[in-house]
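Visitor: My request is simple: use the sequences and hints to build the entire structure.
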Amino acid sequence: MRTFAEFQIMGRVGKTKDVGNTLRVTVAAEYGRKDNNGDFQANAYWNEVTIFNENVIKWVKENTQPGDLVHVRGTLRQTQWENSSGGTEYGMTLAADDFDNMSQDERRRAAKKQEG
975 MRTFAEFQIM GRVGKTKDVG NTLRVTVAAE YGRKDNNGDF QANAYWNEVT
1025 IFNENVIKWV KENTQPGDLV HVRGTLRQTQ WENSSGGTEY GMTLAADDFD
1075 NMSQDERRRA AKKQEG
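Counting from 1, position 86 in the sequence shown corresponds to residue 1060 in the numbering used here; the numbering is continuous, with no gaps.
Because the hints were derived from the structure by calculation, they are not lab data.
You may find that some hints are simply not true.
Once the Cα atoms are required to be at most 30 Å apart in a straight line, the calculated DSS-like pairs of lysine-lysine come out as [stated by the list, open to error]: (1) Lys991 <-> Lys1032; (2) Lys1087 <-> Lys1035; (3) Lys1008 <-> Lys989; (4) Lys1032 <-> Lys1086; (5) Lys989 <-> Lys1032; (6) Lys1008 <-> Lys1087; (7) Lys1035 <-> Lys989; (8) Lys1035 <-> Lys1008; (9) Lys989 <-> Lys1086.
With beta-carbon atoms standing in for the labels, derived distance ranges [said to hold, decoys possible]: (10) Thr1062 <-> Arg1083: 47 to 57 Å; (11) Ala1085 <-> Tyr1064: 45 to 55 Å; (12) Asn1010 <-> Asp1079: 32 to 42 Å; (13) Tyr1019 <-> Ala1085: 25 to 35 Å; (14) Tyr1019 <-> Trp1055: 42 to 52 Å; (15) Gly1060 <-> Gln1039: 34 to 44 Å; (16) Asn1011 <-> Trp1055: 42 to 52 Å; (17) Lys989 <-> Gln1054: 39 to 49 Å; (18) Asp992 <-> Gly1065: 32 to 42 Å; (19) Arg976 <-> Glu1080: 33 to 43 Å; (20) Lys991 <-> Asp1072: 12 to 22 Å; (21) Asn1010 <-> Lys1032: 41 to 51 Å.
Idealized CB from N, CA, C, for every residue including glycine.
Guide: Below you can see the structure in the form of structure tokens.
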């Protein structure tokens, strides 16, 4: 039996940055809730995903922009490193395998409405 750790994020693109041979993309996912008055309160959390695949990096650079609604899936990888004091630090890498732009579909539908 195969084992794995997987993540899935539906959110909006923030910033992208090249880091070595990878592309890192921040994605805001909203965890809203109702307050004591019953009003919805937005609460966005930023997640940074790392793309390792050269073809996916190229596609994301050419087909996404800040604010786009995206669906990202991939695997979780725990990392560790030594800090400047000699202690061990731990982190988590969200390694994106699939990156779909839902806003692109919205833009296509809007363009078709304008044509016809």
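Visitor: Now, for every hint given, state plainly whether the structure supports it.
Guide: Verification of the hints:
no.	hint	verdict
1	Lys991 <-> Lys1032	holds (13 Å)
2	Lys1087 <-> Lys1035	holds (26 Å)
3	Lys1008 <-> Lys989	holds (28 Å)
4	Lys1032 <-> Lys1086	holds (26 Å)
5	Lys989 <-> Lys1032	holds (15 Å)
6	Lys1008 <-> Lys1087	violated (36 Å)
7	Lys1035 <-> Lys989	holds (11 Å)
8	Lys1035 <-> Lys1008	violated (36 Å)
9	Lys989 <-> Lys1086	holds (29 Å)
10	Thr1062 <-> Arg1083: 47 to 57 Å	holds (50 Å)
11	Ala1085 <-> Tyr1064: 45 to 55 Å	holds (46 Å)
12	Asn1010 <-> Asp1079: 32 to 42 Å	holds (37 Å)
13	Tyr1019 <-> Ala1085: 25 to 35 Å	holds (32 Å)
14	Tyr1019 <-> Trp1055: 42 to 52 Å	violated (24 Å)
15	Gly1060 <-> Gln1039: 34 to 44 Å	holds (42 Å)
16	Asn1011 <-> Trp1055: 42 to 52 Å	holds (45 Å)
17	Lys989 <-> Gln1054: 39 to 49 Å	violated (26 Å)
18	Asp992 <-> Gly1065: 32 to 42 Å	violated (19 Å)
19	Arg976 <-> Glu1080: 33 to 43 Å	holds (35 Å)
20	Lys991 <-> Asp1072: 12 to 22 Å	holds (20 Å)
21	Asn1010 <-> Lys1032: 41 to 51 Å	holds (48 Å)
Hints 6, 8, 14, 17 and 18 from the earlier list are contradicted by this structure; the remaining hints agree with it.
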